[in-house]
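A.B. asks: Construct the entire structure; sequences and hints are all you get.
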Amino acid sequence: MEEITLVSRERDVRIDAWLSGELEQYSRSYVQKLINDGLVSVNNKAVKSNYKLKTDDVILVRVPEPEKLDVVPEKIQLSIVYEDEYIIVIDKPKGMVVHPAAGNYSGTLVNALVEYCGDSLSNINGVIRPGIVHRIDKDTSGMLVVAKNNAAHEKLSEMLKSHDIKRIYAAVVEGIIREDSGKIDAPIGRHPVDRKKMSVNTRNGRRAVTNFRVLERFKENTYVELRLETGRTHQIRVHMSYIGYPIVGDEVYGRRNQKYDVAGQALHARKLEFLHPISGKAVEFESQLPEYFVKLLEELRGC
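Counting from -15, one number per residue, gives the positions in the sequence shown under this note's numbering.
Misleading hints may appear alongside valid ones.
In the SDA-like style, the derived pairs of lysine to any residue whose C-alpha atoms are separated by at most 20 Å in a straight line are [said to hold, decoys possible]:
no.	residue 1	residue 2
1	Lys29	Val42
2	Lys181	Val42
3	Lys279	Asp75
4	Lys122	Lys180
5	Lys180	Arg216
6	Lys59	Lys36
7	Lys145	Asn109
8	Lys243	Lys180
9	Lys36	Glu49
10	Lys36	Asp0
Using C-beta positions, here's what the derived DEER-type ranges look like [as the list claims (entries may be wrong)]:
no.	residue 1	residue 2	range
11	Gly228	Ser104	42 to 50 Å
12	Glu69	Asp245	35 to 43 Å
13	Pro77	Ser104	21 to 29 Å
14	Lys167	Glu(-14)	45 to 53 Å
Keep in mind the hints are simulated off the structure, nothing from the lab. Built from N, CA and C at the ideal position, the CB exists for glycine as well.
C.D. replies: In structure tokens form, the structure reads like this:
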């Protein structure tokens, strides 16, 4: 383990902000992780991120040896929409898990990326999620951006937090939404009883905002466009269920007995818009609706 000793010449500056400037070889989020893991001490005492420095404080930073990646590379075909030396934009198919987790240690997007990119992926999110900046659910299809180095990852993460990445989804929901558009502003946290689920949770939830716009109405369903302002786990699925219009095919937050066979929720991450994390150039990527989604719309139009 590498040890770095620094002496503060500052006063009343948060240690996380100060260290991010001093340790330019490491990303801001990695510095935060070191602090949260108890690997940063001041005058031989572990501190939190909000510790305010004093003049002549002695700061010791312990940096662990890089972990060897234990994700098995797998040759899985990827639908690459865009790629350069900093980012890759992937059009993920329905049914593919983004990164390894309990019960899904192979066949994931990360397994495919490790095979395709080798060591050219950011390591900010650790050995199980190299390059992964944001996720979409297994049964949600569509667009996500992957970082190939830490500089790009850091910038993209900051853009996500400041809502500067425009993420637009398409979905078919149960019921007929009468309003042409609207905003759902309701905090999301762990379900108080079923810990595998998320729910609108005013007590322990984090702010979550989803905007919707009606594209087409059918006899018993509505085709909508959704834009995320925040990115909580299962956000769109939880929010649409909360207002009474669960997504077709969603057996977790919607009906147990589904009328249409779409093998999971009819939710597609259709568009990404953001400033390139390195060049600053405006980029926009759009995915066509997948076959399952098109067939569902055709079936609904024929009703």
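A.B. asks: Hint by hint, which ones does this structure get wrong, listed from lowest number up?
C.D. replies: Checked against the structure, the hints that fail are numbers 2, 6, 8 and 9, while the rest are satisfied.
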